Structures are given as C-alpha cells and as structure tokens.
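Student: Please work from the sequences and hints to get the whole structure.
From first to last, the protein sequence lines stand for chains A and B. So in this note's numbering, spot 2 of the first sequence is number 2, and the numbers just go up one at a time. So in this note's numbering, spot 48 of the second sequence is number 146, and the numbers just go up one at a time.
Please note that the accuracy of each hint is not assured.
List time: in silico DSS-like cross-link candidates among lysine-lysine, alpha-carbon distance up to 30 Å [said to hold, decoys possible]:
{"#": "1", "chain 1": "B", "residue 1": "K195", "chain 2": "B", "residue 2": "K306"}
{"#": "2", "chain 1": "B", "residue 1": "K195", "chain 2": "A", "residue 2": "K55"}
{"#": "3", "chain 1": "A", "residue 1": "K55", "chain 2": "B", "residue 2": "K218"}
{"#": "4", "chain 1": "B", "residue 1": "K322", "chain 2": "B", "residue 2": "K125"}
{"#": "5", "chain 1": "B", "residue 1": "K109", "chain 2": "A", "residue 2": "K55"}
{"#": "6", "chain 1": "A", "residue 1": "K55", "chain 2": "B", "residue 2": "K244"}
{"#": "7", "chain 1": "B", "residue 1": "K109", "chain 2": "B", "residue 2": "K322"}
{"#": "8", "chain 1": "A", "residue 1": "K55", "chain 2": "B", "residue 2": "K110"}
Here chain B is said to cover these stretches of chain A; the calculated rule only asks that three of the stretch's residues, wherever they fall, bring their Cβ under 8 Å from a Cβ of chain B [as the list claims (entries may be wrong)]:
{"#": "9", "stretch": "2 to 10"}
{"#": "10", "stretch": "43 to 49"}
{"#": "11", "stretch": "61 to 71"}
Honestly, the hints are just simulated from the structure, not real lab data. Predicted model only: the values in this text are computed from it and were never measured. Think of the CB as a built atom: it goes at the ideal place given N, C-alpha and C, for glycine as much as any other residue.
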Amino acid sequence: MVRVILPHHLRNLAQLGPEIAVNVESPVSVSRILGSIEQAYPVLRGTIRDHGTLKRRPFLRFFACGEDISLDSPDAELPETISNGSEPFLVVGAIAGG
Amino acid sequence: MSGVRVLVGTKKGAFICTADGDRKNWKIEGPHFGGWEMYHLKGSPVDPNRIYASQSSGWFGQIVQRSDDGGKTWSPPGSAPEDLASVDGFPQGESNKFVYEGIAGTHRWYDGTPHPWEFKRVWHLEPSLTDPDTVFAGVEDAALFKSTDAGRTWTELSGLRTHTTGADWQPGAGGMCLHTILIDPKAPDRMWVAISAAGCFRTDDGGKTWKPTNKGLISNFMPKPDAEVGHCVHRIALHHTRPDTLFMQKHWDVMRSDDGGDNWVEVSGNLPSDFGFPIDVHAHEPETVYVVPIKSDSEHYVPEGKLRVYRSKTGGGEWEALTNGLPQENCYANVLRDAMAVDTLDECGIYFGTTSGQVYVSPDGGDHWQPIGEHFPSVLSVEVQTLA
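Tutor: Written as structure tokens, this is what we have:
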C-alpha cells in the first residue's frame, strides 16, 4: 500500500482522514498513484490533475522522500520507500494568494 | 406560512439563510464548503429542494455540488455509492469535467494576440424551468454547457463559442466569463446569455445557433464603439410575463430592449453613475427595475460612501434612491453581478450582498432594508427561493 497525504480541502471534499493508503501496481509512479486515488475517490478526479491532459494542476506540488518531484516525469518509478509505505507521497498546495 | 430561502455564495463558502414570509428573523446555516469560492448557487424552479452549486478554487479547480434536500446535505453529482462505477467498472466522477467540443481554438487576449480557450470555472448555474435534472452552466473561458442528468455529466452547446465572432471575443477585467443565462418562460428554446466582454447573444433553437444582440450598445473603450461584439455586458434581466423586454447593466450605461434584444436604448436617466454590476426586475411589476450604481470602472465602490439601491418604476429613465436601513456614510462596498435577487411573495422582497460581506433584504420592494447578516466573507452571489 502507498501512503498518501492530501491537502486539507481535498480531504474534506472526499471526506477522508489525515492520511490514506491506496493499492498501486508496480512500478509505482506518480501517475499510477493518482490513478489509484481517482479510482477510489472519484470526487477527486480533475482536482489534482486535469481531466483530459492529466497535467498537474499548476498550484499543486508532489513530494516524495523530502524531494519536490513535481517536474519529474509522472511515469518515473518512485523510490522503494514510497512503494512499500515507509514514507508517504505528499500532494501539497502551493503557498499563494497573500 | 410561506417563507424564503436565500442562497449566498461567498469567496470562502456558502450560506443558507431562511425566514418566514415576514422576512424579519433569519436563521443562517453555514459555511458550506468552507474556504472554497462559491460563485453561484441556484435552486430548481420545479423542485425547490434541488439546488445546484458551483464550488471552485485556484488550487483544485472546479467542483459541482448538488443538494436534493434544500441544502441540508450536498454531494458532487455522480459520486454517490450507486454512481461510483460505470458499466466498465471505472468510477464516474465527471461532474466537474467541462471539456470544450472539438478543437477549442483561440480567442483574443488582453493584448490583442490569439489565446487558447481554457476552462477555468463555472460562474453561473441556471436550472431548467421545466425539468429538475436539466441545468445550464455559464463558464470562463466563455461557453455554455448543459447537463440533462442532474449535473453528472456536461456537454457544451458549442454553437455559441464557435460563432463566427468567437475568435474576436476578449476577456474583461474579471476574465472572459459567461455570467448570465436567461430562459424565456414562454418559449424555452429561446435563451439569452451575456459574456464579458463579448456582449449579449440569443438563441431561438435551444442553443444550436446564436446571434449577437448588441445593436444600440455603445462602448467607448472599443475601436468601433458600436461593434457587433466586444461589449462588456455586466448583467441582463427580464420579467417572466414580458420576455421581450430585457434590462441590462453594462460596463457603463443601463439599457433596455423591447424586442428580445434586437435593439437597445439607454435608460440610465438620472442615476448618479451608470456603472454597476447587478440589475433585477420586481416580481410583480414588470416596469420596476433595480440597480446599484458604483463610482466608476476603476473605483468599484458606491459613490459618496453611501450604499444606495436605485429603483425605477418607469422601466428606466427615472430613478429614485432607496436608502432606508442602508449605510449612508463611510461605506465603500460593491455589489457583484450575480448578487441581487427578488422573491415572489405577495409583497416582493429584494435581496443583495456586498463585497464587504453584508447581505440585505427589503421585504417591501425596496422601501425599507435590514441586514440578514453583516459579516459574511465577500459575497459573490445571492439567489432566493420562495417556498410554499
């Protein structure tokens, strides 16, 4: 299971607790994690990545193992600590708005 | 006893305010969707318990919410347990999927260059007058979408955006939004929409084809002030018994048409400023119209620090200030285009909300005002449902 921490508003939208765990096929990648999240919680479709292009929404960032991986290929394999659940995958809302 | 339910959309959530027919004592519930921008909420005229809401965020995009119990509970259409899987087993979750039909192409950007059409948010939801499952959505970048399954899925009525003038449409300061949708109560295939800053358009065939209806509008900021399109129409309104008569608050100028929008004449008359956003019509008096003038296009607040609704009982031209119960000093609020509404009780109630967070009601057609709430977040929209 992959552990995922979502921003406050998305947790509220999908009525989730502070952390979720989703089944993700190997090799684990950002696109596969997001696909699993959207399958389990359809209300989140279109809120993290665009419906059609599947591009990350501009004000969201992805973090794994303390690294900002937002600009990496969404199909790149993530570290084992993410795929085995030792470390959570983070979706973070950018600090913006003043 | 009859009553009213006021649906308030704000920059930080939605509120539902209810009162009996006296409209003096209010119960306020909310915030619903706290922290989200609630551009618009509107109930079905056929089934008042069916309410649609547009929820959006710069971070997470667009969400459509629906209530089937008068706003007590909400869910994004298509996310109920029975809706979770389609025939092929993949979840639906498409109530926020607004995809332009075909290749979207470009419109004109602020600097005059071509700019790709990009969906940003739903500004306005207009439920059908006859079917609670049918609802229209006016979106930014300007387009009209329709759902016939209670908001689960949306299809663009692309005849509007692909009109021959579409490539020349340009955003106003608030974005290129389709913000007003009017349905002719006598001929449901006839509808009007208004777009900032493209103008007013009418369909006579249920949205397949559209024609610009801007003749008579003069916009001095344009190279050709009387051009067919390019006008920054802020809001249009009609009375249900006289759908050929339309009233318009434009970027500057208050206008009226008596031929379904084919021709417009200015009725700004003695208003202290003819710049503003909302305009609405009394529920029982088709020639009684309300506006809230603000100082100018660069100073979006009421003139002289006085919050004044202006009423014309002559269909425009002659206006009177309505001030009883409204702040008359040190007020610098604005009222946005979707933030005024009227109820249909015997004595028509008028409602509006301000960018400073006040929502006011006048239970007597504008003669006396009282606050429903004075400390909401900045108000984006106000709608009212008259309950039996």
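Student: A separate judgement is required for each hint: does it hold in the structure or not?
Tutor: Checked hints:
| no. | hint | verdict |
| --- | --- | --- |
| 1 | B:K195 / B:K306 | holds, 21 Å |
| 2 | B:K195 / A:K55 | holds, 14 Å |
| 3 | A:K55 / B:K218 | holds, 14 Å |
| 4 | B:K322 / B:K125 | violated, 50 Å |
| 5 | B:K109 / A:K55 | holds, 26 Å |
| 6 | A:K55 / B:K244 | holds, 25 Å |
| 7 | B:K109 / B:K322 | violated, 36 Å |
| 8 | A:K55 / B:K110 | holds, 26 Å |
| 9 | 2 to 10 | holds (count 4) |
| 10 | 43 to 49 | holds (count 6) |
| 11 | 61 to 71 | violated (count 0) |
Violated hints, in rising order: 4, 7 and 11; the structure is consistent with all others.
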